[in-house]
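Sequences listed follow chains Z and Y, in order. Under full-length UniProt numbering, think of the first position of the first sequence as 1, with each following residue one higher. Under full-length UniProt numbering, think of the first position of the second sequence as 1, with each following residue one higher.
Note that these hints are calculated values from the structure, not bench results. It cannot be assumed that every hint is accurate.
To be verified - Estimated spans, in silico, between C-beta atoms of each pair:
id : chain 1 : residue 1 : chain 2 : residue 2 : range
1  : Z       : 124       : Y       : 292       : 18 to 28 Å
2  : Y       : 38        : Z       : 303       : 45 to 55 Å
3  : Z       : 131       : Y       : 25        : 41 to 51 Å
4  : Z       : 161       : Y       : 25        : 18 to 28 Å
5  : Z       : 100       : Y       : 281       : 47 to 57 Å
6  : Z       : 32        : Y       : 38        : 34 to 44 Å
Claimed, not checked - Below 16 Å or equal to it, Euclidean Cα-Cα: the simulated EDC-like pairs (lysine to aspartate or glutamate) are:
id : chain 1 : residue 1 : chain 2 : residue 2
7  : Y       : 252       : Y       : 149
8  : Z       : 126       : Y       : 29
9  : Z       : 235       : Z       : 100
10 : Z       : 128       : Y       : 116
11 : Z       : 84        : Y       : 149
12 : Y       : 235       : Y       : 116
13 : Y       : 278       : Y       : 299
14 : Z       : 235       : Z       : 313
15 : Y       : 128       : Z       : 116
16 : Y       : 126       : Z       : 116
17 : Y       : 235       : Y       : 299
18 : Z       : 135       : Y       : 100
19 : Z       : 312       : Z       : 284
20 : Y       : 135       : Z       : 156
21 : Y       : 84        : Z       : 100
Small disclaimer: the values here were computed from a predicted structure and weren't measured. Note that the Cβ used here is the ideal one computed from N, Cα and C, for glycine as well.
2 protein chains.
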Amino acid sequence: MHSFKELSAQFEQKFNTRQFPANPSSLYDPAQYILGIGGKRIRPVLVMMGNELFDTLHNDALQAAAAIELFHNFTLIHDDIMDKAPLRRGQPTVHMKYNESTAILSGDVMLIQCYEYLNKVQSTHKTKLIQVFNKAATEVCEGQQLDMDMEQKLPEQVQYDDYVYMIGLKTSVLLAASLQMGAIIGGGSEGNQQLLYDFGKNVGIAFQMQDDYLDAFGDPAKFGKQQGGDIQVNKKTFLLLKALELCNPSQKELLLQLMVQNPADKVAQVLEIFRQCKVDQWAEQEKERFKARALESLEKIAVVSNRKQALKELTDFLLIRQH
Amino acid sequence: MHSFKELSAQFEQKFNTRQFPANPSSLYDPAQYILGIGGKRIRPVLVMMGNELFDTLHNDALQAAAAIELFHNFTLIHDDIMDKAPLRRGQPTVHMKYNESTAILSGDVMLIQCYEYLNKVQSTHKTKLIQVFNKAATEVCEGQQLDMDMEQKLPEQVQYDDYVYMIGLKTSVLLAASLQMGAIIGGGSEGNQQLLYDFGKNVGIAFQMQDDYLDAFGDPAKFGKQQGGDIQVNKKTFLLLKALELCNPSQKELLLQLMVQNPADKVAQVLEIFRQCKVDQWAEQEKERFKARALESLEKIAVVSNRKQALKELTDFLLIRQH
């Protein structure tokens with residue numbers, strides 16, 4: 001049983017070497033570059049914690065963790081192309097630093113490399129691990145596609161529930177699958193695997209909700225992003241979609257007008273409407289609701305309570321009030 | 001033991017159903033579209049022939065064959081984006097019919113789907129099959145990257161041997177791996193697997209050589225392409241690179257000038273130089289050399305001669321003089 005910090009250090013020690021051959025460097029340097037610009041390595045640690053919930057840490061968890069981290073970084077490269085994002089973690093994105101073709105291809109080779117790691121695990125649970133990985137990987141692609149489809153729609157055409165479904169696929173199933181893969185390696189029962197998966201999925205949704213909230217209402221100094229960045233670009237967030245449901249007809253009209261007209265004080269005006277229709281309070285409650293649902297699943301897992309400590313601490317760390 | 005036609009029909013029967021879920025259709029329709037615009041299904045049949053060389057056809061060969069065909073189509077989608085190709089087999093490419101982001105993502109989900117098929121094979125040979133598949137898949141990406149790198153160079157900066165190496169990765173290793181995967185399923189020894197792999201790799205190189213030759217010297221009516229298409233766009237082919245090696249300084253100067261100046265009779269003039277330095281004869285010999293090398297490997301495989309008949313016929317069919 002180890003803390004996030006200990007597991008993260010153990011993972012980095014293994015992962016912090018070159019993951020790819022030297023040549024062709026034009027293919028592999030970009031893949032190595034994205035791995036080098038950091039990230040919190042939450043997903044691989046979740047694999048390890050999922051394992052430790054049921055048994056001592058197995059080497060297979062490190063293999064699966066590497067696969068999950070590579071997959072996550074592969075999605076970042078390809079998503080950044082699709083989103084035309086210039087920066088990632090303050091550094092140029094792969095398609096900007098190199099070029100788009102190389103970014104497509106480096107992503108592809110990273111996805112293949114995931115299965116090299118998965119193919120190294122013991123054959124007793126290989127089939128099940130690849131199954132869970134493939135399901136999540138497919139759903140992440142579906143989530144990204146649904147996200148792009150939603151971007152083409154007007155805000156009033158997007159239902160809040162559809163957004164929750166999309167964001168669940170795009171961001172939460174990989175967290176959930178990471179935990180489940182760890183549980184498989186640790187020998188957890190199917191029932192316990194499912195509970196752990198549900199825990200991860202709900203933590204992920206709560207985290208996204210918090211992220212949307214902080215973008216609007218958080219302290220920019222603490223949060224490290226420009227306040228109202230999502231509002232500026234009319235991003236469909238939990239807040240916007242729920243506001244459109246909650247607010248009265250005149251507020252709704254003003255909100256939609258602001259999104260078209262982009263006045264200089266757009267962020268302040270939108271935030272004012274958000275506050276008026278109490279979507280800020282709603283978001284906090286909703287986040288707590290998903291967090292509670294997550295902890296309820298964790299509670300039900302049939303292992304002694306102290307084995308759950310690391311996951312509880314991680315939940316508090318991820319879902320703390322940073323504002 | 002079945003013919004190409006019989007195996008192809010058997011594969012189509014299994015494969016010719018929808019490979020993907022209905023929704024989100026914006027993600028899966030493009031993937032299904034590329035599968036629907038045909039192709040000769042050579043690679044999946046090679047898996048089945050590799051199996052039948054050693055044993056009766058096993059259901060796992062059909063799973064592996066589906067994985068290989070999906071992988072091949074995934075590379076077509078992504079390569080077409082990189083090459084900015086408008087058409088594929090006379091139909092709009094995926095990124096033209098839909099859009100580039102969808103083409104990236106549909107390709108990704110097809111690559112994941114390959115491993116769903118591979119994950120269905122018996123666990124006795126699963127690890128080895130995924131290993132062989134991953135190695136080939138990685139090499140195909142390397143080949144595509146090397147090809148793009150070469151495109152950035154002047155023709156006189158590209159060595160003929162480097163081109164053979166590149167084209168081997170980009171087009172031949174997947175044929176070779178298809179056969180080897182079949183051999184694994186059929187229970188062929190490691191030595192026989194390697195011989196069959198070498199056979200496939202050399203057939204692939206000979207085929208590419210023939211393709212380059214026919215583009216320049218073939219009968220457009222039979223070949224179905226505009227004569228000299230490669231010459232028009234200054235594509236680095238076996239012929240061009242070898243011509244630059246074989247021709248005298250004044251021919252070389254003229255050749256490089258033609259590539260820059262693009263006169264109306266460029267194709268005719270380039271073909272004239274090709275003939276003068278006898279690169280047409282050389283190409284035929286070279287193709288025969290690789291074909292002979294392929295057949296030599298096939299010959300050495302330790303199974304009774306009549307089991308090799310289907311592969312011999314396929315070689316003759318692929319490497320026939322169509323001009």
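Verification of the hints:
1. A C-beta distance of roughly 46 Å is found between residue 124 of chain Z and residue 292 of chain Y, which places it outside the suggested range of 18 to 28 Å.
2. In this structure, residue 38 of chain Y and residue 303 of chain Z meet the distance hint of 45 to 55 Å, their C-beta atoms being roughly 54 Å apart.
3. Between residue 131 of chain Z and residue 25 of chain Y, the C-beta spacing of about 24 Å breaks the proposed range 41 to 51 Å.
4. Distance hint for residue 161 of chain Z and residue 25 of chain Y: a CB-CB separation of about 19 Å, consistent with the stated range 18 to 28 Å.
5. One distance hint, 47 to 57 Å for the beta-carbon pair residue 100 of chain Z and residue 281 of chain Y, is violated here, with the actual separation near 41 Å.
6. A hinted range of 34 to 44 Å for the beta carbons of residue 32 of chain Z and residue 38 of chain Y is consistent with their spacing of about 38 Å.
7. About 23 Å separates the Cα atoms of residue 252 of chain Y and residue 149 of chain Y, which puts this hinted pair outside 16 Å; it is violated.
8. With a C-alpha separation of about 30 Å, the suggested pairing of residue 126 of chain Z with residue 29 of chain Y is violated against the 16 Å cut-off.
9. Taken as a hint, the residue 235 of chain Z and residue 100 of chain Z pair is broken in the structure, with Cα atoms around 24 Å apart against an allowance of 16 Å.
10. In summary, the hint linking residue 128 of chain Z to residue 116 of chain Y is supported, as the alpha carbons are separated by about 11 Å, within the 16 Å threshold.
11. With a C-alpha separation of about 23 Å, the suggested pairing of residue 84 of chain Z with residue 149 of chain Y is violated against the 16 Å cut-off.
12. Simply put, residue 235 of chain Y and residue 116 of chain Y have alpha-carbon atoms about 37 Å apart, too far for the 16 Å limit, and the pair is violated.
13. Of the pairs offered as hints, the one joining residue 278 of chain Y and residue 299 of chain Y is violated, with about 31 Å between alpha carbons and a cut-off of 16 Å exceeded.
14. For the hint pairing residue 235 of chain Z with residue 313 of chain Z, the CA-to-CA distance comes to about 31 Å; that exceeds 16 Å, so the pair is violated.
15. Distance restraint check for residue 128 of chain Y and residue 116 of chain Z: the Cα-Cα separation of roughly 11 Å lies within the 16 Å cut-off, and the hinted pair is therefore satisfied.
16. For the hint linking residue 126 of chain Y to residue 116 of chain Z, the alpha-carbon distance of about 12 Å falls within 16 Å, and the restraint holds.
17. Restraint check: the Cα-Cα separation between residue 235 of chain Y and residue 299 of chain Y comes to about 35 Å, which exceeds 16 Å; the hinted pair is violated.
18. With a C-alpha separation of about 24 Å, the suggested pair residue 135 of chain Z and residue 100 of chain Y falls outside the 16 Å cut-off, and the hint is violated.
19. Among the hinted pairs, residue 312 of chain Z with residue 284 of chain Z is inconsistent with the structure: their alpha-carbon atoms are about 19 Å apart, more than 16 Å.
20. At most 16 Å may separate the alpha-carbon atoms for a hinted pair to count; residue 135 of chain Y and residue 156 of chain Z exceed this at roughly 48 Å.
21. A C-alpha spacing of about 12 Å is found between residue 84 of chain Y and residue 100 of chain Z, which places the hinted pair at or below 16 Å, so the restraint holds.
Hints 1, 3, 5, 7, 8, 9, 11, 12, 13, 14, 17, 18, 19, 20 from the list above are not met by this structure, while the remaining hints are.
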